[in-house]
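Chains R and A are the protein sequences, given in the same order. Here the first sequence is numbered in our numbering, starting from 1 and rising by one per residue. Here the second sequence is numbered in our numbering, starting from 1 and rising by one per residue.
Please keep in mind that the hints were generated in silico from the structure rather than gathered at the bench. Glycine included, each C-beta is placed from N, C-alpha and C at the ideal position. Please note: incorrect hints may appear among the correct ones.
Said to hold, decoys possible - Below, computed lysine-lysine pairings styled on DSSO-like, alpha-carbon distance capped at 30 angstroms: (1) A:Lys139 / R:Lys471; (2) R:Lys469 / R:Lys256; (3) R:Lys400 / A:Lys206; (4) A:Lys206 / R:Lys274; (5) A:Lys106 / A:Lys132; (6) R:Lys121 / R:Lys359; (7) R:Lys121 / R:Lys357; (8) R:Lys471 / A:Lys59; (9) A:Lys91 / R:Lys117; (10) A:Lys206 / R:Lys471; (11) A:Lys187 / R:Lys469; (12) A:Lys91 / R:Lys190; (13) R:Lys117 / R:Lys357; (14) R:Lys400 / A:Lys187; (15) A:Lys91 / R:Lys71; (16) R:Lys397 / A:Lys187; (17) R:Lys469 / A:Lys206; (18) R:Lys471 / R:Lys357; (19) R:Lys256 / R:Lys9; (20) A:Lys206 / R:Lys190; (21) R:Lys548 / R:Lys190; (22) R:Lys397 / A:Lys59; (23) R:Lys400 / A:Lys139; (24) R:Lys359 / A:Lys59; (25) R:Lys261 / R:Lys453; (26) R:Lys548 / R:Lys261; (27) R:Lys190 / R:Lys9; (28) R:Lys471 / R:Lys83; (29) R:Lys400 / A:Lys59; (30) R:Lys430 / R:Lys190; (31) A:Lys132 / R:Lys397; (32) R:Lys430 / A:Lys91.
Claimed, not checked - Covered stretches of chain A (in silico footprint by chain R; criterion: 3 or more residues with CB under 8 angstroms from a CB of chain R, positions within the stretch not fixed): (33) 94-103; (34) 182-191.
Claimed, not checked - Here are some, though not all, of the chain A residues that point toward chain R, as calculated from beta-carbon distances under 8 angstroms: (35) Asp74; (36) Leu172; (37) Thr196; (38) Tyr208.
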Amino acid sequence: MTEQRVSYKTSDEVDFVIVGSGAAGGVLAKELSTNGFRVVVLEQGPYLTENDFTHDELKIFNQHFLTNDPKTQPSTFRTTADKKAVQQQALMYGRCVGGSSVHFTANFWRFHEIDFKERSKIGEIPGTGFTDWPISYADLEPYYTKVEWEVGVSGLAGASPFDPPRSKSYPMPPLPVKSSGVIFERAARKLGYHPFPAPMAILSQPRAGRGACVECGFCLGFGCEVGAKSSSLASVVRMAEKTGRCEIRPNSYVHKVVTEKNGRATGVMYFDAKRNIQMQKARAVILSANGAETPRLLLLSASSQFPNGLANSSGLVGKYLMPNSGAVSIGLFDEPLNDYKGHAVSRIFHDHYELDKEKLGFYGGSGFDARFDITPVAFAFNGLPPGTPRWGSEFKKAMKHNYVRTMQIFGHGTSLPIESNNFSLDPDLKDSWGLPALRMTYSDSPNDLKFMKWMSERGLEILDAAGAKTKWGMPIASTNFAVHLLGTCRMGNDPNSSVINSDHRTHDVPNLFLCDGSSLVTSGRGQPTMTIQALAYRASDRITTLAKRGELAG
Amino acid sequence: MKPTQPARRQFLWQVGGVAGLVWLNAQWPAITTAAQHAHDAVKSKDNVAFSVLTPAQAKEVEAIAARIIPTDEDPGATEAGVVYFIDLALKTFASGDLAAYEAGVKSVNQLTSEMFPGTTRFSSATVEQQDKVLAEFSKDTNKSARRRQLLPTAGEVDFFAVISGHTMMGFLADPEAGGNRDYVGWKLIGRDPGHTFSPPFGEYDKNYPGWQAEGAAETGKK
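Let the sequences and hints guide you as you build the complete structure.
In structure tokens, the structure reads:
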């Protein structure tokens, strides 16, 4: 592989420069280079590989080994626009080749048909930007299938009565069940639900030169040391490099999309590893930098021609941030589950995918999973039941008894798109490159808070039905921290109410495309990566068609 | 540790709220270096010199850590080498906490002599006395007036929260980074240090018959 790696000069006008090598950027790089185009991918983080990964939770969570570092890239937060934002870490994303797909849990759910046309079914929700997508589930179905087969997803087709139609089964059987999955399945069935084996972007069998999961138990937050987790790094990035037409250029922090007088993009400017400014020329620019950094980059690219930021004639760049609702309930059982072993999730259900808004008094939809993903130091800090002594013999006894007997029920759900929830540039704070920091303005809506409380109650019910000895719910409150960065450059047909069209082309700049979590119109039920990758496969087809028609030429 | 809003997807530092996460996030790198130091120190037969703590302070820190995670039929903070982890932490990522340690150790000693006249050092009290002192001390750190008195130079820092946090890290950090000697922390909580597992993982998946569609539901169905 190494000998086939290509490298381009910054002065070479390549066909595409892609900013970001994560879930979407990796797929676009693979597809476009396979289709014969010359591609440079600029990744702000380092190029780490399996040998660099670690099970050291302090390095992962304290040193931000795989993620954005609040020391060098600080952020600010405020609940509403009338308040002054204060410095705090407001968001987290993967900052390495492969992006957040390197450290994610790998829950891989397709969106359902309803996700794309929910506004038509439910009607207007006042005060929100709740709207239908310009594409349907049927438009994306072939690409979901492509993700499953190329990136690598394990699962059981037809296992859930709520699943949307599919053209092909999964390429691999589901991963083995865990004790948390068995407990969850039995309790959920008692309650009349339809639990099923979780679709996961983790190989249950060796495939495409990659090994199967060894069930080490270090998924959430960690990079996979055996390449079984289907990150972009382990899958599409390597396929892209093998074409001999795609260069992955790490440690390249893009800060401006350059445009010329005719309003077209000519390339991007970035800081290289030595913090020297470079410019990569390209015939077209694709931003897949994530739902925070993509809008930030557009705002940073403001010019006299585009005073409000690039591709921002709608004023919606950065708006409608949806971090997904969530509710965690924790239970303690009599016998050891040893759930620290193995992939995080083995059973889920989708019975609550579409909730009855009229009956419940709130809008929402969710999926529930069973897991235990609390690493040891975190467990000592926060994994014990409320009221447990924090030090001494009783504390030690509780750690000794509980660690192997604890599991969580995690309810994942929708967030409403609300314009006042957004990312913008902080007017005062700069990062260590001197660029304006990200400012997050966010308040969970009363609707979403009600919905989360409801999910928490359902989680506790399941634990109750399972016979949990002790159970408790994590408090529900408006969040000040986002990991799922969705909706901030939404797709739509109307240039006044969206940033990109259904080809992922910005309404304002004909050779500038955006494809990542920012493209989402609604938030889905808490597991966005599968859809981000399906969108990226579809965008690759659309962009290839446009390029072959000569529509991207200046 | 200030209470704060829960952050839903903040990995699992999140699960119990984010107090832990926020505190941990506030620390800076080198924490693994500190862990490695603890590992090396306890592994070697000879005592490694302390970098920051004086021998007298180290003795008290070790004694406090030994009551936070006591040694009983299982190893505790002492066997994990927590005091060495803390010492290097104070040189590196937790250097800002040194004043809290200096003042905190003094305060704990002072409280010991107030509660048990004639005993001038926490480390020379009996374990029963030590637990009483820490119960009083940890309670009082929650009261601002008393805290100011106990920790005159440490501002808002809650010494007991800091030292218990460091003790948990030194006890449970991955030994690959040196955090807990010979996996004593992981052995205590039942975490097998292996890197490869296969089912059955626990008691509940042992006799699982395999996934079956609806018909297999134990009771009622929709």
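So, going through the hints one by one against the coordinates:
{"no.": "1", "hint": "A:Lys139 / R:Lys471", "verdict": "26 angstroms, holds"}
{"no.": "2", "hint": "R:Lys469 / R:Lys256", "verdict": "55 angstroms, violated"}
{"no.": "3", "hint": "R:Lys400 / A:Lys206", "verdict": "22 angstroms, holds"}
{"no.": "4", "hint": "A:Lys206 / R:Lys274", "verdict": "54 angstroms, violated"}
{"no.": "5", "hint": "A:Lys106 / A:Lys132", "verdict": "17 angstroms, holds"}
{"no.": "6", "hint": "R:Lys121 / R:Lys359", "verdict": "15 angstroms, holds"}
{"no.": "7", "hint": "R:Lys121 / R:Lys357", "verdict": "11 angstroms, holds"}
{"no.": "8", "hint": "R:Lys471 / A:Lys59", "verdict": "39 angstroms, violated"}
{"no.": "9", "hint": "A:Lys91 / R:Lys117", "verdict": "57 angstroms, violated"}
{"no.": "10", "hint": "A:Lys206 / R:Lys471", "verdict": "23 angstroms, holds"}
{"no.": "11", "hint": "A:Lys187 / R:Lys469", "verdict": "23 angstroms, holds"}
{"no.": "12", "hint": "A:Lys91 / R:Lys190", "verdict": "55 angstroms, violated"}
{"no.": "13", "hint": "R:Lys117 / R:Lys357", "verdict": "15 angstroms, holds"}
{"no.": "14", "hint": "R:Lys400 / A:Lys187", "verdict": "9 angstroms, holds"}
{"no.": "15", "hint": "A:Lys91 / R:Lys71", "verdict": "19 angstroms, holds"}
{"no.": "16", "hint": "R:Lys397 / A:Lys187", "verdict": "13 angstroms, holds"}
{"no.": "17", "hint": "R:Lys469 / A:Lys206", "verdict": "20 angstroms, holds"}
{"no.": "18", "hint": "R:Lys471 / R:Lys357", "verdict": "28 angstroms, holds"}
{"no.": "19", "hint": "R:Lys256 / R:Lys9", "verdict": "18 angstroms, holds"}
{"no.": "20", "hint": "A:Lys206 / R:Lys190", "verdict": "20 angstroms, holds"}
{"no.": "21", "hint": "R:Lys548 / R:Lys190", "verdict": "56 angstroms, violated"}
{"no.": "22", "hint": "R:Lys397 / A:Lys59", "verdict": "25 angstroms, holds"}
{"no.": "23", "hint": "R:Lys400 / A:Lys139", "verdict": "24 angstroms, holds"}
{"no.": "24", "hint": "R:Lys359 / A:Lys59", "verdict": "63 angstroms, violated"}
{"no.": "25", "hint": "R:Lys261 / R:Lys453", "verdict": "52 angstroms, violated"}
{"no.": "26", "hint": "R:Lys548 / R:Lys261", "verdict": "24 angstroms, holds"}
{"no.": "27", "hint": "R:Lys190 / R:Lys9", "verdict": "62 angstroms, violated"}
{"no.": "28", "hint": "R:Lys471 / R:Lys83", "verdict": "37 angstroms, violated"}
{"no.": "29", "hint": "R:Lys400 / A:Lys59", "verdict": "26 angstroms, holds"}
{"no.": "30", "hint": "R:Lys430 / R:Lys190", "verdict": "54 angstroms, violated"}
{"no.": "31", "hint": "A:Lys132 / R:Lys397", "verdict": "19 angstroms, holds"}
{"no.": "32", "hint": "R:Lys430 / A:Lys91", "verdict": "28 angstroms, holds"}
{"no.": "33", "hint": "94-103", "verdict": "violated (count 0)"}
{"no.": "34", "hint": "182-191", "verdict": "holds (count 6)"}
{"no.": "35", "hint": "Asp74", "verdict": "7 angstroms, holds"}
{"no.": "36", "hint": "Leu172", "verdict": "4 angstroms, holds"}
{"no.": "37", "hint": "Thr196", "verdict": "4 angstroms, holds"}
{"no.": "38", "hint": "Tyr208", "verdict": "5 angstroms, holds"}
Violation of the numbered hints given earlier is confined to hints 2, 4, 8, 9, 12, 21, 24, 25, 27, 28, 30 and 33; the remaining hints are satisfied by the structure.
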